[in-house]
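Asker: Each chain is listed here by its residues.
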Amino acid sequence: MRIGSGRLIKMTREQIKDDVQSGANEAAEKAHISELSSSDLDQITEIMVEPTLTVGLEPGREVALTTDGSYMKYGGIARYGGVPMSKEQALWTSERVLGFDTMDLGTTDYSIKPVKSIIIDEAVELENCQLLSIVPLFYGAMPNLGIYYQSLGGKWPSPVDLLKKGKIAEAKETQENAAQDLTTDITYVARIIHQAGADGINLDTTGAAGDAEFYATLQGVENVVRETGMAVEVGMSGEMIQGMHMELMYKNKRLAGLWPHEQGKLVAEAGASIFGPTVNTRVGKSFPWNVGYSVTLVKKCVEETPIPIHVNMGMGVCGIPMVETVPVECASRAAKAMVTVADVDGI
Amino acid sequence: MGGLRTAGDLVARAQMTKKLKIAEAKTYVTKRLGIDLEIMTDECAMRELREKLDIGSALSTVGRAKGIAAKAKIAKICDFEIDCVKKFFEKTKSNGASSTSA
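Going down the list, the protein sequences come from chains C and Y.
Residue numbering for the first sequence follows my numbering, beginning at 454 and increasing consecutively.
Residue numbering for the second sequence follows my numbering, beginning at 743 and increasing consecutively.
Note that these hints are calculated values from the structure, not bench results.
Incorrect hints may have been included.
Unchecked claim - To spell it out: a stretch of chain C is covered by chain Y in this simulated footprint if at least three of its residues, at any positions, have a beta carbon under 8 Å from a beta carbon of chain Y; those stretches are:
#1 466–475
#2 552–565
#3 579–587
#4 650–659
Fair warning: this is a prediction, and the values are worked out from it, not measured in the lab.
In this text, a Cβ means the ideal position worked out from N, Cα and C, and glycines have one as well.
Just chain C, with the same shape it has in the complex (with noise of 0.2 Å):
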């Protein structure tokens, strides 16, 4: 077994179990919805203490795959694979070789701001690998607010300088301004992969700025749908919304503090086809406590939610533990209890 941080560690079957339920009773409390049932929490025990180093689903349970920043992990990337391969070579290698359901293609400085000034190349490539291949193409980036702050290079003042300074109407003025600016962003960058063809958009890590990120996702998800009529997939950074602002409003909900299920109602509404809900992992506790955590939020979403849940899982999120060569052992149970405790429609 392993902790949070990928550390292997001992456990009785008797401890896992205590920790799934510890995991799922505090997921349920903080974000008010029901605990798991007995026989969910045994199920997920049942998962981890497989002896197998993978564990696998039933023929019929499979379910499919969407991706994010995928090409760029065995692309030319030094913190990834850096095998040196084309967009359409890796495409290529996806869907013939690894069996990918879909793929995205993207670019290193994976979000929305660096992107529009590239868009126009990144719409040509994505063209040819259309005409090449089979799967179902998204366009991936991240929103991404807090790079239209000046503290990181953008325009506007940071929130967080002015909060400090006791100037919170500013702050808030800040950021609406901001996200103003992603949501036209997101809107251009949509309208051109759009003309190349693409089967849809993925924002990724949404809310990952707070309230205001999120706010400006929505309005961008719901003027690319309209305009479009695109495909969108709205993956999440973490499983609450922060309250940067506080008082940003969407059809009459306040965004600060939302939990899964209630991001993904509203992800719904704007009109996104998949919503990915993201549970962070906790580091110091074990991997059997983060999944019966995880688990917890993501069923809750997946009941209340209307579109195909995707959930995010990877390193650090939905309980896999936060490391770069994700553990294999981990990452099937993980998902096995998605599909099988959460029924979720995807990873």
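Starting from the known structure of chain C, arrange chain Y on it as the hints suggest.
Answerer: Here is chain Y on its own, set in the frame of chain C:
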């Protein structure tokens, strides 16, 4: 779901374009292909079916539809709106000019 090895790409398209939950998406695809779930998750059976329908497979057999050609067949058989296919046909529409016109 195995992508082109089975029908993962088709189930994913059903989710993306029709916003179907996983069970509904699988049912939709099995109905359009005229098969059941057991066949849809069988790589061997699906390879034969995909080659018969010429909708692309993980193996690059000469003469079989690939890329945009496979997607055009998928769009028709599964009733998916695939934007790049629509654009391809728009671009390849004849504008009425003869190849011998001056």
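Asker: All hints are to be evaluated individually against the structure, with a verdict given for each.
Answerer: Structure-based check of all given hints:
no.	hint	result
1	466–475	violated (count 0)
2	552–565	holds (count 4)
3	579–587	holds (count 6)
4	650–659	holds (count 4)
Consistency note: the structure conflicts with earlier hint 1 alone.
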